[in-house]
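The listed protein sequences correspond, in order, to chains A and B. With this note's numbering applied, the first sequence corresponds to residues 1 to 318, in that order. With this note's numbering applied, the second sequence corresponds to residues 1001 to 1309, in that order.
Check before you lean on any hint, since a few could be wrong.
Here are the simulated lysine to any residue pairs, SDA-like style, with alpha carbons at most 20 Å apart [as the list claims (entries may be wrong)]: (1) K190(A) - V1189(B); (2) K190(A) - T1238(B); (3) K190(A) - S1178(B); (4) K190(A) - R1206(B); (5) K190(A) - A1270(B); (6) K81(A) - A1237(B); (7) K190(A) - D1096(B); (8) K81(A) - A1270(B); (9) K190(A) - A1237(B); (10) K190(A) - M1166(B); (11) K135(A) - K81(A); (12) K81(A) - T1238(B).
Since the hints were derived computationally from the structure, they do not count as laboratory data.
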Amino acid sequence: MAALPGDGPHHMNRRDFLTASALAAASPFAGRAAAALDQSTGPAATAWEADELRKLGIWDVHCHVTTPGKTPPHRMEALIKIADRMGVERLCIMMSAPWHYEPTPEQFRRSNDDVLEILKHWNSRAFGFVYLNPKYITESLAELERCVADGPMIGIKLWVGWRCNRPELDPIVRRAAELNALILQHTWIKNRGQGNLPHESTPMELAQLSARHPGVPMVCGHTGGGDWALGIRAIRERPELHADLGGGDPVYGEVEMAVRELGASRVLYGSDVAGRSFASQLGRVLGAEISVADKRLILRENLRWLLRPALRRKGIDA
Amino acid sequence: MDRRAFLQHAGSAAAAAAVAAPLAAAAPASTALFVDTNVSLYRWPTRRLWADDAGKLVAKLRRHGVSSAWTGNFEAALHTDMAGANARLADACARDGGGILRPFGSVNPTIPDWPEDLRRCHEVHRMPGLRLFPNYHGYTLDDPRFKELLERATERGLLVQIALSMEDDRSQNPVLQSAPVAVAPLPDVLAKLPGARVMLLNSFSRVIGGNHAMIRRLTEVSVAFELATLEGAAGVATLLNAVPGVRLTFGSHSPYYYFEAALLKLQESALSPGQLASVRHGWADSLLGPRPQSVPSPSTTRSDGRPAR
Chain A
1 MAALPGDGPH HMNRRDFLTA SALAAASPFA GRAAAALDQS TGPAATAWEA
51 DELRKLGIWD VHCHVTTPGK TPPHRMEALI KIADRMGVER LCIMMSAPWH
101 YEPTPEQFRR SNDDVLEILK HWNSRAFGFV YLNPKYITES LAELERCVAD
151 GPMIGIKLWV GWRCNRPELD PIVRRAAELN ALILQHTWIK NRGQGNLPHE
201 STPMELAQLS ARHPGVPMVC GHTGGGDWAL GIRAIRERPE LHADLGGGDP
251 VYGEVEMAVR ELGASRVLYG SDVAGRSFAS QLGRVLGAEI SVADKRLILR
301 ENLRWLLRPA LRRKGIDA
Chain B
1001 MDRRAFLQHA GSAAAAAAVA APLAAAAPAS TALFVDTNVS LYRWPTRRLW
1051 ADDAGKLVAK LRRHGVSSAW TGNFEAALHT DMAGANARLA DACARDGGGI
1101 LRPFGSVNPT IPDWPEDLRR CHEVHRMPGL RLFPNYHGYT LDDPRFKELL
1151 ERATERGLLV QIALSMEDDR SQNPVLQSAP VAVAPLPDVL AKLPGARVML
1201 LNSFSRVIGG NHAMIRRLTE VSVAFELATL EGAAGVATLL NAVPGVRLTF
1251 GSHSPYYYFE AALLKLQESA LSPGQLASVR HGWADSLLGP RPQSVPSPST
1301 TRSDGRPAR
């Protein structure tokens, strides 16, 4: 099998990474987030159970900047204030409004322009994922070059514009691997797949794509949504696929099943704000009947590890 | 170091840190009033839940400072023997409820002799309210049978909770499909019944979550809500600002949902002390009071005048 993310020719090996992680955990993330969380211990302090998690500095793999504001940076400022209240340190942002199910190149470029504008102001808190529609493969590859190869973004967001098991995805995945860009593919299983949008992917289809690209890490957005029990099973045999917990109702059992079937190292906290709340999605991790160590991996360290190659490429030490 | 070793190492370090730094000082005072208006007992047929019994449910609610929990029975959504389901619920709350579980029995107005179930909920089990499942029981909110049930419950001073949904309708078992309850008829029904006290459960998200106009209409006729399915970044503050006077209570939909998902919503929104108190217990107290209401002694006759069993 090809290398997992981070196994490439990096200056820091995993032991060094762990040491740095331990230091980071011992010294909670700086700035307003930690301060805001410290000041708001009242209403829901018991949800955190362990102080270590409360001050961990959470990394969120799935965020949309749809909070109110007259410009994209203003909308991000509004979202950051809320993230600070919840201890969310880093946000992977993607897909500026308005959303289109099947965006044209002009539409996804405009969406990415907004994210680029946000990153100019918030690169200390946000990581950008370029929004593509593989239906327009030539334009999508060009946008990948503009935003990731030549720009500040470090990941790729694929939504409902094209089924992810289609061959048009292959050149995107190959180029993503070259750039160490992390792919987050939306998936949902609505009414056992009968209710999906025409080009809306399922975890089963993502597993098919993954099988053609062994060793390339990808994130299974929503892990199938409410029918996560099917989604987890669908990606179980593909070790490169990671389960994004975000976007569905906080139904008991998803986190426990994901950890049991995939291992905690393949499970990622994602919120899908601002449509969802940080709270409902964090609550499912904090309330899960798993170890504190596993919660720490899910809330921060797994994503940090996955993004590390792309961040190094950009000269970002996080 | 390979990935497995990395994970083991990280896990060990985190576990040690957790033991060393428990979060004890920040726990809310045990005397603080905190009402969860949406919990249930027993099992849901398609999923394993985090509490199969009252003991585990009560322990967690207490740990998070809940002083009162309005408790329904999952069985009532699909069972036909309402009387049996209500009796089990009442017994469990009395025996294992730790003084915080307040039973809300269920009545299905489409089955024979339902007024007797209503009478028993009130007079025998001394329940403060009812929990209805219109979409599972097969009626709509403009059904005359619903209006009669609401009238009878209002005559008895019972709070009526209506569960608009129980789970995401897109992920239901194919043989147990149940669309959310359409709430549009309710304002007109309540306008003609001014004394009724109604609370909607699991009403936001995919039901009326973004429909502030409907929430305003329902607020005008004194309908209360709970936040288990309220979503959006800082969703509580957003709703309170968008619909002034909205009667929003704390509800967790436990143990179907993780309790912490609801609890953290109180932290995510920047709320004034007054707003926070209203959500935590103020609106709930206004509906039921912090302690069980006085209820009549069981009558010796049924609703239809025949001797009660």
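Do the hints match the structure? See the list:
1. K190(A) - V1189(B): Not satisfied, since the Cα-Cα distance of roughly 33 Å exceeds 20 Å.
2. K190(A) - T1238(B): Violated - the C-alpha atoms of T1238(B) and K190(A) are around 28 Å apart, more than 20 Å.
3. K190(A) - S1178(B): holds (14 Å)
4. K190(A) - R1206(B): Holds, at about 13 Å.
5. K190(A) - A1270(B): violated (34 Å)
6. K81(A) - A1237(B): Holds, because 13 Å separates the two Cα atoms, which is no more than 20 Å.
7. K190(A) - D1096(B): Distance ~38 Å between K190(A) and D1096(B) Cα, so the pair is violated.
8. K81(A) - A1270(B): holds (10 Å)
9. K190(A) - A1237(B): violated (30 Å)
10. K190(A) - M1166(B): Given pair K190(A), M1166(B) holds - Cα atoms ~16 Å apart, limit 20 Å.
11. K135(A) - K81(A): violated (36 Å)
12. K81(A) - T1238(B): holds (14 Å)
The structure is inconsistent with the numbered hints 1, 2, 5, 7, 9, 11, although it conforms to all the rest.
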